[in-house]
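Asks: The residues making up each chain are set out below.
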Amino acid sequence: MDMREKLRLEAERWRREVRDPSVHEAPERRPQFVNDAGNTVEPVYGPADLEADGFDHASHLGYPGEFPYTRGIDPAMYRRGLPVVSAYAGFGTPQDSNRRYRELIELGVQSLSLALDLPTQLGFDPDDLMSSGEVGRMGVAVNTLQDLEILFEGIALDTLSAVGSTANAIGPIIMAMFVALGEKQGLDPSRYTVALQNDVLKEYVARGTQIFPPEPALRFSVDALEWCVRHAPHWIPITVCSNHIDVAGAGSTAATAFTLANAKCYLDEALRRGLDIDQVAPLMRLFLNEREDFFLAVANYRVTRRIWAHLLRDRYGARDPRSLEIRIMGYAHGPRETVQEPLNNIVRITMGALTCYFGGLQDLRCASYDEAVNLPSDEAVRVAIRTQQILGHEFGITSAIDPLGGSYYVEALTNRMEREIAEILARVDELGGALGAMKRGFIQKTITEGASRRQKAYERKERVSVGMNVFPLAAETRRQTFRIDPDAERQQIERLQHLKAQRNALRVRETLAELEVCAREGRNVMPALLDAVKAYATMGEMCGVLKSVYGEYEPDRSF
Amino acid sequence: MTEDHKIRVLIAKVGLDGHDVGARLVARGLLDAGMEVIYSGLRRTPEQVVRAAIEEDVDLIGVSILSGAHIAHLSKIRRLLDEQGAGDIRLIAGGVIPQEDIATLEQAGVSRVFVSGTPVSDIADYVARIKACV
Amino acid sequence: MAAFDIRRTAQVISAIENRSEGADAIIRDAYRGAHHVPVVGITGPPGAGKSTLIDRLAVHWGEANEQVAVLAVDPSSAFTGGALLGDRLRMDRAAAHPNVFVRSFASRGQLGGLSSTTIDIVMVLGSLGFDRVLLETVGAGQADLSVGMAADVVMVMAVPGLGDRVQAAKAGILEIGDLYVVNKSDLPGAATAAGHLEANLDLVYPGAAGRNSPAAAGTSVGGNREQHRRHGHPAYAPGYWRPPVLSISAHEGSGISELAAAADDFLAWSRETGRYGDRVSERLRAQILGAIEGRLMQLCLAAGRQRDLELAALVAEVASGGASPDEAAERLIEQWMAAIRGGRA
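Residue numbers (this note's numbering), protein chains in the order written: chain A, 1 to 559; chain B, 1 to 134; chain C, 1 to 345.
Note that these hints are calculated values from the structure, not bench results. In this text, all values refer to a predicted model and were calculated from it rather than measured experimentally. Careful, some of the hints might be misleading.
[Claimed, not checked] As a list, the in silico SDA-like pairs of lysine to any residue whose alpha-carbon atoms are at most 25 Å apart:
{"hint": "1", "chain 1": "B", "residue 1": "Lys-6", "chain 2": "C", "residue 2": "Ser-14"}
{"hint": "2", "chain 1": "B", "residue 1": "Lys-6", "chain 2": "C", "residue 2": "Ser-249"}
{"hint": "3", "chain 1": "B", "residue 1": "Lys-6", "chain 2": "C", "residue 2": "Arg-295"}
{"hint": "4", "chain 1": "B", "residue 1": "Lys-131", "chain 2": "B", "residue 2": "Ser-111"}
{"hint": "5", "chain 1": "A", "residue 1": "Lys-456", "chain 2": "B", "residue 2": "Ile-130"}
{"hint": "6", "chain 1": "A", "residue 1": "Lys-439", "chain 2": "C", "residue 2": "Gly-47"}
{"hint": "7", "chain 1": "B", "residue 1": "Lys-6", "chain 2": "C", "residue 2": "Asp-120"}
{"hint": "8", "chain 1": "B", "residue 1": "Lys-76", "chain 2": "B", "residue 2": "Gln-99"}
{"hint": "9", "chain 1": "B", "residue 1": "Lys-76", "chain 2": "A", "residue 2": "Gly-133"}
{"hint": "10", "chain 1": "A", "residue 1": "Lys-456", "chain 2": "B", "residue 2": "Asp-122"}
{"hint": "11", "chain 1": "B", "residue 1": "Lys-6", "chain 2": "C", "residue 2": "Thr-80"}
{"hint": "12", "chain 1": "A", "residue 1": "Lys-456", "chain 2": "A", "residue 2": "Met-468"}
{"hint": "13", "chain 1": "A", "residue 1": "Lys-439", "chain 2": "C", "residue 2": "Ser-254"}
{"hint": "14", "chain 1": "B", "residue 1": "Lys-131", "chain 2": "C", "residue 2": "Ile-6"}
{"hint": "15", "chain 1": "B", "residue 1": "Lys-76", "chain 2": "C", "residue 2": "His-97"}
{"hint": "16", "chain 1": "A", "residue 1": "Lys-439", "chain 2": "A", "residue 2": "Gly-551"}
{"hint": "17", "chain 1": "A", "residue 1": "Lys-445", "chain 2": "B", "residue 2": "Ala-33"}
{"hint": "18", "chain 1": "A", "residue 1": "Lys-547", "chain 2": "C", "residue 2": "Ser-14"}
{"hint": "19", "chain 1": "A", "residue 1": "Lys-461", "chain 2": "B", "residue 2": "Lys-76"}
[Stated by the list, open to error] Calculated from the model, a selection of chain B residues having no Cβ within reach of chain A, i.e. all distances over 10 Å:
{"hint": "20", "residue": "Arg-79"}
{"hint": "21", "residue": "Arg-112"}
{"hint": "22", "residue": "Tyr-126"}
{"hint": "23", "residue": "Lys-131"}
Quick reminder that beta carbons are idealized off the backbone N, C-alpha and C, glycines included.
Full structure from sequences and hints, please.
Replies: Shown next as structure tokens:
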């Protein structure tokens, strides 16, 4: 009898002789335990499960810093350095946010990601009719280089591990602003790091701040990537995100597959421009997080590194190890945060952060416990940073690398996810890649169906949220939510108008004209953007020019 | 002729946020409850919402908003409806709305605010019930 | 502010759609006015860009100071009776225009979405002062034939790449189109799609696009009776209409005024040759027959209180080989008629 058969029989014996009679006598809490991926969770995992997958230590795991990087991309991991403490912040006017940034740095934040308000993300100036009521609300308004200068008053870019933003449709414009700000601070791009989201493809299916049609938007995003290859090869011009796709409803398995499909679009576009895979791939980063199941989350991070390494080596022929080692950032939320009893979210966020440590992430930010309701209050932001510090330094969590590696359960999940992601990726390829799959509504359909499934599971209480669908509080004590200065919109408009009156209008016109020519001729627009930004052209003006060339995205009707 | 009255609902996204999964789930739920649902698409202004509601002669508008600009937008929608002789069209809201804003919204003429996490079937029941009362 | 009373227009339409009290009188009055406004039907496969095109056309005619009503029809769910109506989403410009009224409809069980109610609503819109109605219907296939009945000029949309040959060769669409529209003229393949359509039209209609004098004797003429009925027989006076194929980009708005002019030219030709009146008559005939059918059905159903039981018994009989469905129907109708005659109704 071979080893595999022996293990299987042993597992069956336990089930038959010990577990089943016991459960027959006193049943389990639920008839079935199902995870967010829709898979049944077995009562216990053992060596038989690994054997069934043909588990092989060398090819599935290896050691940290070695192909296929399942256990981490760094041989020393957190023993050398903890994940970068990042914060995602911004609200009101640039002055308001500058104050918040200084406090964050004081608390130990090493990397800042600018939360931009929706008008900025969509390329509207604050005096645009569409911006009414939205200026400074979901983030800070960055309408011109002047706003960025105010945001970083007293903060030198080279004192931070990285600066960045969730800019997507406008990604290259924000990058140009950072380059110009660096120049003003007397810093060469080699002295600091810009890390952008600039992942425009997921906007069309999950996040919703697209401006241009997908094809020109994709090329625009890659303009920033190409510029970095030539001028700032240590920057992160694109962070491809699964987070929004997962949360919108796809589930982490499908979300990771779609994310990899999007990443392939960016890489392919860069290769089309004659860049080498080993010039481009090391600049990429992924943003993953799983908010429905602790162990799926850990498996997701581990398996994504493995898939990436294979994809880059086998499909793209990358040879530089830096191309194969994908950096991952996470934004810890934990399970669905609740509006009710917001302090409970601290526990949820802590669990979310723990998955990031167990999953070997490079860059981590913790959500604030009141984020489900409003922009984070000062106290909530502090607790978030402390959460990350406590997990990093206390309780021995970060001493050994990949501490869940070899867990029967986690390895079984990891292998299963690998198979399922490969299946979905193949389906997306059949549909013509991410763009084709999006045009045919496949991605949207997956998301909508998943969201509906989650909602139903929640309504049937198969998925539980404490304080919401079980153990709800009869009366809620009201908490003061953080409010933005209602006058921020007016102040921002006033300052913009003042700036417009002062700047060299001729220079603005010239640089915008040059931007239009560049865009029309299909050249990389980064140099033209840089000139326009330095002339204090506004976000609305630059996007207006680009819209006239690229067109505007018109929504599809897909339910 | 036999009466064939279907409940008509406009599901509208106002504000600049692009998160429409919730709105689409609610739209689906109302469809499953046998209603005719007009979906507005993203980023409608209060003026557009009101014109659509009146042209489509809906019984109720459900506004989904996550951008934080809910008080300004919802108050304006209610005011425009009333001004244009459509005071009978009900207005409900959902999305990210802090607890303490609910009273303000109700005073501004929003019939009901559904906080996130409300079962879609509860919303469908509510809509069916208020229509039955008209 | 709109040029018409939006609220009232909307409520009148609801009343007719819901068959509410008072709707009968409104419809009666509308037909008494005998104001038959031109109906422009737009059909084509999903994804062809119908809504975007209608958005452009409605604004075009609205700008020419016409009062335009857009009726966009989507299917109802067969299971729940509900419907998701999302065409409006792509009609931003029209929905904001003071001369345009946009209304979404659920098909409520009608194949292709069009029903006698649609035609009643068009009549009522005419009586309310609208100058033109644009009618959007779903999908391709046989249900589309009803748009040929409901509209005075039918535009059939094709999209490059969506199975050009199949689209063009499909018998149904080459019979109902008075104009063919190839959308997204900037896409590669637009020229090919237009070429396929022209090639297919060549088989039926000799000559150039639009108005033609009778072809010279001896010219070979194809086509079927339906095509000749709609567009004239190429061999006889007063001539015939060859459906033009127009390339547009609904997205960018190019080619719209040419398309609108071609539609108006067809309507003019149709009036001059008497075909416009024929279509109206055809439509009214269908309305009358529909009304008869409805009333008879009502009469029968009212007479047969036991109809479910009777029907169930007959189903069992047919199942066991006791009768054919046709015999069963005959027997049922006889019972009902007897009941009506006996005054038990």
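Asks: Flag every earlier hint the structure violates by its number, smallest first.
Replies: Violated hints (numbers, rising): 2, 18 and 19; every other hint is consistent with the structure.
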